[in-house]
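Fit chains B, C and D to the known structure of chain A by using the hints.
4 protein chains.
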Amino acid sequence: MSAPPSAEAIPVLDHGFVRLDGSLADDLSVVNAARVSFARRKEAMDDSDAGLVRFLMRERHGTPFEHNAFRFHVRCPIFVAREWFRHRIGSYNEFSMRYAEAKDDFYVPAPEDVRTQVGKPGAYTFERVPDELAAETRAALEQSYRSAFATYQGLVDKGIAREIARAVLPVGIYTEFFWTVNARALMNFLSLRNAETAQREIRMFAAAVEELFSTQMPITHAAFLQNGRSGP
Amino acid sequence: MSAPPSAEAIPVLDHGFVRLDGSLADDLSVVNAARVSFARRKEAMDDSDAGLVRFLMRERHGTPFEHNAFRFHVRCPIFVAREWFRHRIGSYNEFSMRYAEAKDDFYVPAPEDVRTQVGKPGAYTFERVPDELAAETRAALEQSYRSAFATYQGLVDKGIAREIARAVLPVGIYTEFFWTVNARALMNFLSLRNAETAQREIRMFAAAVEELFSTQMPITHAAFLQNGRSGP
Amino acid sequence: MSAPPSAEAIPVLDHGFVRLDGSLADDLSVVNAARVSFARRKEAMDDSDAGLVRFLMRERHGTPFEHNAFRFHVRCPIFVAREWFRHRIGSYNEFSMRYAEAKDDFYVPAPEDVRTQVGKPGAYTFERVPDELAAETRAALEQSYRSAFATYQGLVDKGIAREIARAVLPVGIYTEFFWTVNARALMNFLSLRNAETAQREIRMFAAAVEELFSTQMPITHAAFLQNGRSGP
Amino acid sequence: MSAPPSAEAIPVLDHGFVRLDGSLADDLSVVNAARVSFARRKEAMDDSDAGLVRFLMRERHGTPFEHNAFRFHVRCPIFVAREWFRHRIGSYNEFSMRYAEAKDDFYVPAPEDVRTQVGKPGAYTFERVPDELAAETRAALEQSYRSAFATYQGLVDKGIAREIARAVLPVGIYTEFFWTVNARALMNFLSLRNAETAQREIRMFAAAVEELFSTQMPITHAAFLQNGRSGP
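Note that the protein sequences, when read in sequence, are chains A, B, C and D. Read in order, the letters of the first sequence correspond to residues 1 to 232 in the working numbering. Read in order, the letters of the second sequence correspond to residues 1 to 232 in the working numbering. Read in order, the letters of the third sequence correspond to residues 1 to 232 in the working numbering. Read in order, the letters of the fourth sequence correspond to residues 1 to 232 in the working numbering.
Extracted from the complex, chain A is given alone in its bound form (with noise of 0.2 Å):
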């Protein structure tokens, strides 16, 4: 894990990155798939298949979303990760520290992300938390983060299997896997994690992962804004 690999990744907070490694995604397909419902095939777009988009993302004609595919390459904190695994339809890979040893990237929230939690169960809000704070808690999260990793690389310099040592590695460390998925399920991971209700940290790298999608699929995309940020 080092620098992100090419120009195109978009930076995510302090070490992570998004990047589209592939994808066969244009807005022509919804609609020809639509269309074989009907017979109907075309070449290219014109003005009234935007309407059509948007009908079924409206009625919620999900399949025709599906003839596409996104692979994205994505260095995230593993908390991150972990919720977004949580959504099963599309693939992935990741890296793994049963066998590769970890390297010491660890997530640091920016000064003006450290935030207190206000409000109740089911109604939180987050605030900024004072200047002096938010630096002790940046360094608190930076002394146990180096703790923790000196304590895994003593236990592998011992001999101790990296599927053991790992034990103690924080779920704010960085990992990294590609990502395919289809702009069905792409939407609908952006309409729970680009949304007030997500953590701060995913929703970052949902941003990131929208303006990918946007450029590549950009009557697909505007419909979705125009749907209310539900996918079809």
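Think of the hints as simulated: they come from the structure by calculation, not from any bench. Where hints are given, some of them may not hold.
As the list claims (entries may be wrong) - So the derived label-pair ranges between C-beta atoms look like this:
id, chain 1, residue 1, chain 2, residue 2, range
1, D, 195, A, 150, 32 to 38 Å
2, D, 8, C, 123, 53 to 59 Å
3, A, 150, D, 228, 40 to 46 Å
4, A, 42, C, 55, 42 to 48 Å
5, A, 218, D, 58, 46 to 52 Å
6, A, 214, B, 44, 26 to 32 Å
7, B, 230, C, 158, 37 to 43 Å
8, A, 229, B, 207, 39 to 45 Å
9, A, 14, C, 126, 56 to 62 Å
10, B, 51, D, 88, 25 to 31 Å
As the list claims (entries may be wrong) - Part of the chain B face toward chain C, derived, beta carbon under 7 Å:
id, residue
11, 115
12, 117
13, 167
Predicted model, so just to flag it, every value in this text is computed and none were measured. Note that beta-carbon positions come from the ideal geometry of N, C-alpha and C, so glycine has one too.
Same frame as chain A, but now just chains B, C and D:
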């Protein structure tokens, strides 16, 4: 529904085809998805990578084969489509006879494909019938199709809803659909459908699918063959 | 294929039924699955739990509704089964006409169900046709079914493989299958198939499914209704 | 999170368990799902049915094994849960450290489970370490866990949101979840996780799962063993 929509479509049976409408597929993505476990990535395949692909296939590490997509456009009889759609890992959009008008294309087996079933349950084999019986069978099918279609047409002409009139249409009528699938699910399909035990008709479609697959991911396809036509 | 296999089967259309073959289903499992987030568990529901179920439904927290299973035994026309099987989250085993012999049960709509289609594409409605046309339609369907079945029977009697002879059998013939599904996928099915926009025939099957579902998980079903027949 | 919630829970590792919370599972449903192909159904198993179950397993007819459900309640370390959740065919609800407070239960391997990794990549084996190194390792893990938890507790006490403070918690901490799965996906899980190549810790959980599975579907489980621990 008309002639295959482009030169690359592979004709199958009397009125069917398989066409690759688009793909995100290469052998390199298999290797890179597997290597993310070790945080390594390559820009091109080399000779050792073919060995890795074979290893993954043999050891049933399936996920690296999921980071790709094939979008097929298929035209086949309904009884073939029904077997096809039992494969749930993949996306489908099909021609709808609820609203669109059926077209009179029906499957009549070539004389050498008219067969009889011999043996016992669980161990049937199929043999070609004598020419005369083949001719008789073809005539009987054609006559039955023509009659059913005339009934359908007559009811539609009298104003009966298509969704009701279609009830008389036989499962030998042609339908059309888009199918998007990844290589792992595709190999599962091929192992079951381009196989001795599959019905001859779907097998011919599966063979066309396999031809297109092998062109896109030749190293993965070779590993599939070496693994006894068993996917990961 | 014969009479419904037990008293509890709900008859649908002229020869169909829906029967609950078994289930693991209660509202308590929804509550306990949601409460595992807070490491709390209950042995019985209380009044406040209905509110939690409604909250989960409205906020689209879907996974707590997946920890249950319904195993249905269904008999319906093939054209209904084809729409049903498009729902991929669930398990199916169906009667096979490749090897088993077809039985001559076909769907003939009741006189009041023979309908015409009015309106424009995307906004069709259906209206009952005059009695005379209904009677004529029913006779035409019956005649076409009888003729197709005679062709099928004749070919089988001459030794033609069933998997070929069946090509003439119409999509109005009855088939039979087992369907196992969880409440989340079931509600998605109900929202699309026990709905105005669904074809009347599958809607009647979906209504029978809903009746059995509401008996097993009454609080979840009530929340589904209150949520505008939209699942989580 | 506390003691296993009932007598039937199987304890695993130092603070974990597997408990069968409910099931819809019997061998007869496999037979009946397969026999629907021929429209036959039984009220009870007989001797010949075990042969059918073995045949289905061997020939990889998987769908008859899907008409059942097991709902497990599991408590295990996060690094075990992460491997578990890679199995996408199934339903999960997990304890959330975003809002609920973490409890200080951490995995410390028994002395005989502290191991070293020998051999080459792709062919590692694991061996027990000398008693002294085992004791030293256990002490290092405990010390690191205690320190991380103190940091977590300190941050929470100062008002830092739990969703941030948890970043220091190690993957050796215990979590809890519900898992609902059918026998086909369960056998896939067992073939990969109750296996030589799996990490010892998840293997012990998988063994507990297998014990509960074999009690519910003994004939299916016997066929799984006879098939070389390979599912359908």
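Cross-check of the supplied hints:
1. Residue 195(D) and residue 150(A) have their C-beta atoms about 33 Å apart, which keeps the hinted 32 to 38 Å range intact.
2. Between residue 8(D) and residue 123(C), the C-beta spacing of about 56 Å keeps the proposed range 53 to 59 Å intact.
3. The beta-carbon spacing between residue 150(A) and residue 228(D), approximately 44 Å, falls within the hinted interval of 40 to 46 Å.
4. Between residue 42(A) and residue 55(C) the beta carbons are some 44 Å apart, a value that agrees with the proposed interval 42 to 48 Å.
5. In this structure the supplied range 46 to 52 Å holds for residue 218(A) paired with residue 58(D), their Cβ-Cβ distance being about 51 Å.
6. For the hinted restraint 26 to 32 Å between residue 214(A) and residue 44(B), the CB-CB distance of approximately 30 Å keeps it satisfied.
7. The beta-carbon spacing between residue 230(B) and residue 158(C), approximately 38 Å, falls within the hinted interval of 37 to 43 Å.
8. The hinted window of 39 to 45 Å between residue 229(A) and residue 207(B) holds, with their beta carbons roughly 44 Å apart.
9. Roughly 60 Å separates the CB atoms of residue 14(A) and residue 126(C), a value that falls within the hinted 56 to 62 Å.
10. In this structure, residue 51(B) and residue 88(D) meet the distance hint of 25 to 31 Å, their C-beta atoms being roughly 28 Å apart.
11. Annotation: residue 115(B) was flagged as interfacial toward chain C, and the flag holds, the nearest CB pair being 5 Å apart, inside 7 Å.
12. Interface restraint check: residue 117(B) against chain C, minimum CB-CB distance 4 Å, threshold 7 Å, status holds.
13. The interface hint given for residue 167(B) holds, since its Cβ lies 3 Å from the closest Cβ of chain C, which is under the 7 Å cut-off.
Violated hints for the displayed structure: none, as all numbered hints are satisfied.
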